[in-house]
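Numbering (mature numbering (1 follows the signal peptide of the UniProt record, and there is no 0)) for the sequence shown: -21 to -1, 1 to 484.
Note that these hints are calculated values from the structure, not bench results.
The beta-carbon is built from N, C-alpha and C at its ideal position, and this holds for glycine as well.
Careful: at least some of the hints might be erroneous.
[As the list claims (entries may be wrong)] Cβ pair distances, simulated, as ranges:
1. Trp314 / Glu238: 32 to 38 Å
2. Gly259 / Asp11: 40 to 46 Å
3. Asn132 / Gly259: 32 to 38 Å
4. Pro14 / Asp239: 37 to 43 Å
5. Asp5 / Leu142: 51 to 57 Å
6. Lys330 / Asp5: 33 to 39 Å
7. Thr85 / Asp239: 23 to 29 Å
8. Gln104 / Lys441: 37 to 43 Å
[Stated by the list, open to error] In silico lysine-lysine, BS3-like type, Cα no more than 27 Å apart, as pairs:
9. Lys207 / Lys150
10. Lys309 / Lys281
11. Lys144 / Lys154
12. Lys406 / Lys256
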Amino acid sequence: MELVRLMGFLTVLSLALSANAQNSKDYLVVVDRIPVSELRWVMTQSGDHGVNAKSYWSDSMEQTFLVDPLNPTLRNQASVNYLRLLQNVSTGIVDPALVGVDVKLTKKKFPTALELETALAAAGQNPNVLLESMSPQSPQYLALRDSLRKLNNACVNNLWPALPKVKKTLKLGSKDAILIPLKTRMTQLGYPMTSLDNVFDDKVVAAVNDIQWNLRFKPDSKISPGGKTWKYLNVSCQDRMRQIRLDMEKLRWFPQHFEDRYIFINLAMSYFSLVDKSGGGFYSMSFRTINGRPERKSPTMKDKIVYIVINPFWVVPPTIFREDKVEEIKNLWPWEIREYFDTRHYQVWNKSFTQRFDPASIDWYNMDPNQDANIYIRQSPHRMNALGSLKFMMTNSYAIYLHDTNQRELFAEPHRLLSSGCVRVEKPVDLAEYLLKGTEWDRAAIERYMAKPGEVLDKDTKVQLKQQMPVYMVFLTSQLSSDGILRFAEDSYRQGTRLLRLGAW
């Protein structure tokens, strides 16, 4: 059985690494010089990286090692499994291209055998140092790895027991013995507490409201029997660890090191973060976003902002055209159609934008939503344009970009999975000012060009960035924030389920 498993591992390794080496034996030659005892230690400790340590160093391998540490089959199996561990931690267990259409990434390349040999030499022939040198170094990954360690410690030492059921609604001023374990759990998540007594105080109110906001409903500052807040706190440490592991897998799909300046958008929590460590300094910006609803997911991807559009036109995307706009128009009387277009500053154009049509001349009622209508609906630039006053263009071919919005009140809502895929940003002028820093486009110039209330324009203004800005968009249901709080979100995109089916754990 062990021989069959070994041959399976060799086949997988050969297939996975064939693009980088003539033969998987080249890799085995590199690691065969490492003592089995050292490989054993690294693989048994690999759970820190969110992988299943038992899949690299199994119980049967341990039994063989204790009886015959020089067993040649064990030697080969240990080498193959260590190589698989290196590949899984550095490039991911799952091929992101297989996850779904909402993941716009391909599998990263694993180093060649020669590159691996060089890296092992630089690591002083230490297999653990090599693993650490090849693992992701993004702040997001390292923070989740640290959180996983702490949660695992709580699990192993029975410090995360199931919580007693809440029998009555708890609110500010309530006194109940159940508050002691509830407050303890909150501190384990990083929420500061004045004391771990039985009193529902201001600190508990703040933690409860934060949790409820994370759960995407209006905070009520209460913990109710069987309610969502209690259920959130009562999720087992094993389930929380599973969430973190799956998110670490997603982060392995991205470059090992992030750039000195980048934008990171957590799609699950609808939150934007910008970090700039260039030139030895440090600058950050963060705010809320509105991104794709589950049926129109914002993609997990890496891209870059290359230019900004001030006063953008909005060309209605095909999905919104077919599923939303045509259906809206079909519900109008024929004599209402022109007014519908005029009041929204919509126009109908051919695909090349060389010919404009009277919207009342189009047979909207018999339009087949599954066929290309060969026309576009385009909205003129104005303050209430669907894209607002600013659009941040990226290079992808999926029509995904960041933009302002005409529904700014939605940023005050906890549930913000509302868009059709693009990401609406809460502070577009702040972002534009930062991206155009050092040019003639200061904040005053940007605002001067933006359409005034009631003003409708017939052209937009494109401004190229002198320095393109990397953008990471990732659906992470767990996040250790800068305030030290470990937060969790619901997996509305069902990415975790898909990853588990593909063998991520």
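To see whether the hints hold, each was checked on the structure:
{"no.": "1", "hint": "Trp314 / Glu238: 32 to 38 Å", "in the structure": "violated, 55 Å"}
{"no.": "2", "hint": "Gly259 / Asp11: 40 to 46 Å", "in the structure": "holds, 43 Å"}
{"no.": "3", "hint": "Asn132 / Gly259: 32 to 38 Å", "in the structure": "holds, 36 Å"}
{"no.": "4", "hint": "Pro14 / Asp239: 37 to 43 Å", "in the structure": "holds, 39 Å"}
{"no.": "5", "hint": "Asp5 / Leu142: 51 to 57 Å", "in the structure": "holds, 53 Å"}
{"no.": "6", "hint": "Lys330 / Asp5: 33 to 39 Å", "in the structure": "violated, 52 Å"}
{"no.": "7", "hint": "Thr85 / Asp239: 23 to 29 Å", "in the structure": "holds, 24 Å"}
{"no.": "8", "hint": "Gln104 / Lys441: 37 to 43 Å", "in the structure": "violated, 54 Å"}
{"no.": "9", "hint": "Lys207 / Lys150", "in the structure": "holds, 15 Å"}
{"no.": "10", "hint": "Lys309 / Lys281", "in the structure": "violated, 38 Å"}
{"no.": "11", "hint": "Lys144 / Lys154", "in the structure": "holds, 15 Å"}
{"no.": "12", "hint": "Lys406 / Lys256", "in the structure": "holds, 21 Å"}
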